[in-house]
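Position chain A against the provided structure of chain H, taking the given hints into account.
Heads up: the protein sequence lines correspond to chains H and A, in order.
Sequential numbering from 65 applies to the first sequence in this note's numbering.
Sequential numbering from 161 applies to the second sequence in this note's numbering.
Hints are computed from structural coordinates only; laboratory data are not their basis.
No residue lacks a Cβ here, since even glycine has one placed at the ideal position from N, Cα and C.
A few of these clues could be false.
Unchecked claim - Examples of chain A residues lying across from chain H (beta carbon under 10 angstroms, computed):
#: 1; residue: P213
#: 2; residue: W217
#: 3; residue: S241
#: 4; residue: G242
#: 5; residue: A252
#: 6; residue: V254
#: 7; residue: I288
#: 8; residue: S341
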Amino acid sequence: MSKVSSRRKLITTGLATAAGASGLAVAARLADRYGLIPPDHGGIYGVGQTLTYASQRILTSHHSMAREFNRGDISKVCPVNGDPPEDETYQRLLAGGFTDWRLKVEGLVARPSSFSLDDLKRFPSRSHITHQACEEGWSFIAECTGVPLSYVLNLVGVLPQAKYVFFFSFGPKQKWGSLDMSDAWHPQTLLAYGMNGQELSTPHGAPVRVRVPRQLGFKSIKYLSRIIVTDTVKNFGKGLGSSSPEHGFSWYGGI
Amino acid sequence: MAASAYVPGLASRTSDILDTPRHSAALRITHWINTLSFFALLVSGFAILLAHPRFYWGEAGGMGTPSILDLPLPFMKGGPSGWGRNLHFLSAWVCILNGLLYALSGILSQHFRKQLLPGKADLTWGSISREVSNHLRFKRPGVETSFAYNPLQRLTYLVVIFVLFPLVIWTGFAMSPAIVSVFPALVTVLGGQESARTVHFFVADFLVLFLVVHIIMVCLAGFKSRVRTMITGQITARKDRT
Chain H
65 MSKVSSRRKL
75 ITTGLATAAG
85 ASGLAVAARL
95 ADRYGLIPPD
105 HGGIYGVGQT
115 LTYASQRILT
125 SHHSMAREFN
135 RGDISKVCPV
145 NGDPPEDETY
155 QRLLAGGFTD
165 WRLKVEGLVA
175 RPSSFSLDDL
185 KRFPSRSHIT
195 HQACEEGWSF
205 IAECTGVPLS
215 YVLNLVGVLP
225 QAKYVFFFSF
235 GPKQKWGSLD
245 MSDAWHPQTL
255 LAYGMNGQEL
265 STPHGAPVRV
275 RVPRQLGFKS
285 IKYLSRIIVT
295 DTVKNFGKGL
305 GSSSPEHGFS
315 WYGGI
Chain A
161 MAASAYVPGL
171 ASRTSDILDT
181 PRHSAALRIT
191 HWINTLSFFA
201 LLVSGFAILL
211 AHPRFYWGEA
221 GGMGTPSILD
231 LPLPFMKGGP
241 SGWGRNLHFL
251 SAWVCILNGL
261 LYALSGILSQ
271 HFRKQLLPGK
281 ADLTWGSISR
291 EVSNHLRFKR
301 PGVETSFAYN
311 PLQRLTYLVV
321 IFVLFPLVIW
331 TGFAMSPAIV
341 SVFPALVTVL
351 GGQESARTVH
361 FFVADFLVLF
371 LVVHIIMVCL
381 AGFKSRVRTM
391 ITGQITARKD
401 RT
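Extracted from the complex, chain H is given alone in its bound form:
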C-alpha cells in the first residue's frame, strides 16, 4: 500500500470515527430530550433496553391501540402469578370489602387526592377485551372495566414537568412500577376494578389494578394503594423505574 493511500485511509477512518462519535452524542442528547431513554439504560443490557424502548416509542403513538377482541374470545381460564399481599392493612381492607380502601394520587399534581372504590366507579368507565401476556409465555384474553387513568390524571391536574406515573401496591414486599406519560395518557390504560363482568377478584389484584394492554402483564401492577406523579425515577428503590429491573427484568414491557 502506498504512503498516500494509507494516509488517506487514516484520515478517512479518523473522520468517520469522529463523525460517528459526535453522531452518537447528538443522538443520545436528542433521545433524552424526547424521552426515548428508559430508566434502566445502564450496563450492557441497557443498550438493548434503550434501542427497544426508543424505537417502540417512535413507532407507537397515542392512537396505536392494543388489539381488542370479541366477547367470544374471552379465555375460560385466566391464570395468575404471585399471591395477594400478606400485609395486615391489605388483609383488613379485603375483609371489609374495601370500603375503607383509598387510592392516594399525589406528587406533581395540582390537587393531590384520595379516591374510594365508589369514587372510581362513579367516574366514566371504559371496558376493553384485550390480550394479556405474561413474560413467562402464557396469556389470556379478558375484559377489563375501569376508569381511564387519563381521566384521573386530568382530575388531579398533572403538572407539565411530569415524566412518570408510579404505582405502588400493598405490603413490605410490594411490587411497584411506573409508566411514562405516553402510556399513562393512553386511552386504553385503565385503573381496572372489574374483570369479565365481575368485580376484580383478589388473585387478579383487587380492589384495583392498572391495565396497560400495550405492555406485558408485569406492567399491570395489582393491589393498588398509591399513585405518585414525578419527573424523576431517582427517589424510588434503586432508581430503575420499577421493582422488576431489580429482579433482572426490564422496566419497559412493550417488548
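The following block gives chain A in isolation, referenced to the frame of chain H:
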C-alpha cells in the same frame, strides 16, 4: 498470498480465483457477529423457554388450557427468564442490525445473485438428488467446493437467509404487544400471539438444525481450513488430503 494455495488439478483456475478472497470482508465480519449473536439468542431463548416450556395455538393459552406441545423440561418460575430476556433482546438487536448489513452487502456485491442463486442447470432433480445422496453418504466435499457452493448448499443458505431468519424475526415482533398495536396483521395472519410463540420456537429449532448440519459439513470439509477461510478470506490448500 496466492502462493500459499496449491490445489492440484485446479491450478490453472486457481491463480486468478485466489487473488480475490473466497469470502468478502463484509461477509466474514457479519458471519462471526451473527455466530455470536445467534449463540446468545439460543442460550437466552432456552432460558426464557424454561419459564413456561409449553406451547399453544391461537391467541391465548396457559395452565388449565389445552397445549399442543409439552416439553419434558421443568417450569422454572422466577428463574433464568430475567437475564434471558435481557440477553435475548440485546442479541436480537445485534442479529437484526448485523443481518441488515449482511443483506445490504450481499445485494450490493451481488453475492446473493452470483454465489447463492443456483443456476438453472443446477435445479434439475438429477443434480439435486445427486447432491442429497452425496450428503447422505457423508461423502467428503470435493476440492471444487472450496470455490463455489453446490446447488444444495445454495438452496439451504437461501432458505436460512430469506425464509428462516425473516420468519424468526417476524414471529418475535408478533409477540410484542406494542409493535402489534401498530401492525396488528403481524400477529393476526399467524393465528394469534401464542401461535407466533409456537412458530418462533419451531423456526428456531430449524435454525439449530441448520447450525448442526453446517458444523458437521465444515468438519467434513476440513474444520481448520474452512474456519481459517472464514476468518482470513483466503483459501489454503488442504495438504493433508491431496
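Tell me, which hint numbers fail for this structure?
Per hint list: 2 and 7 violated.
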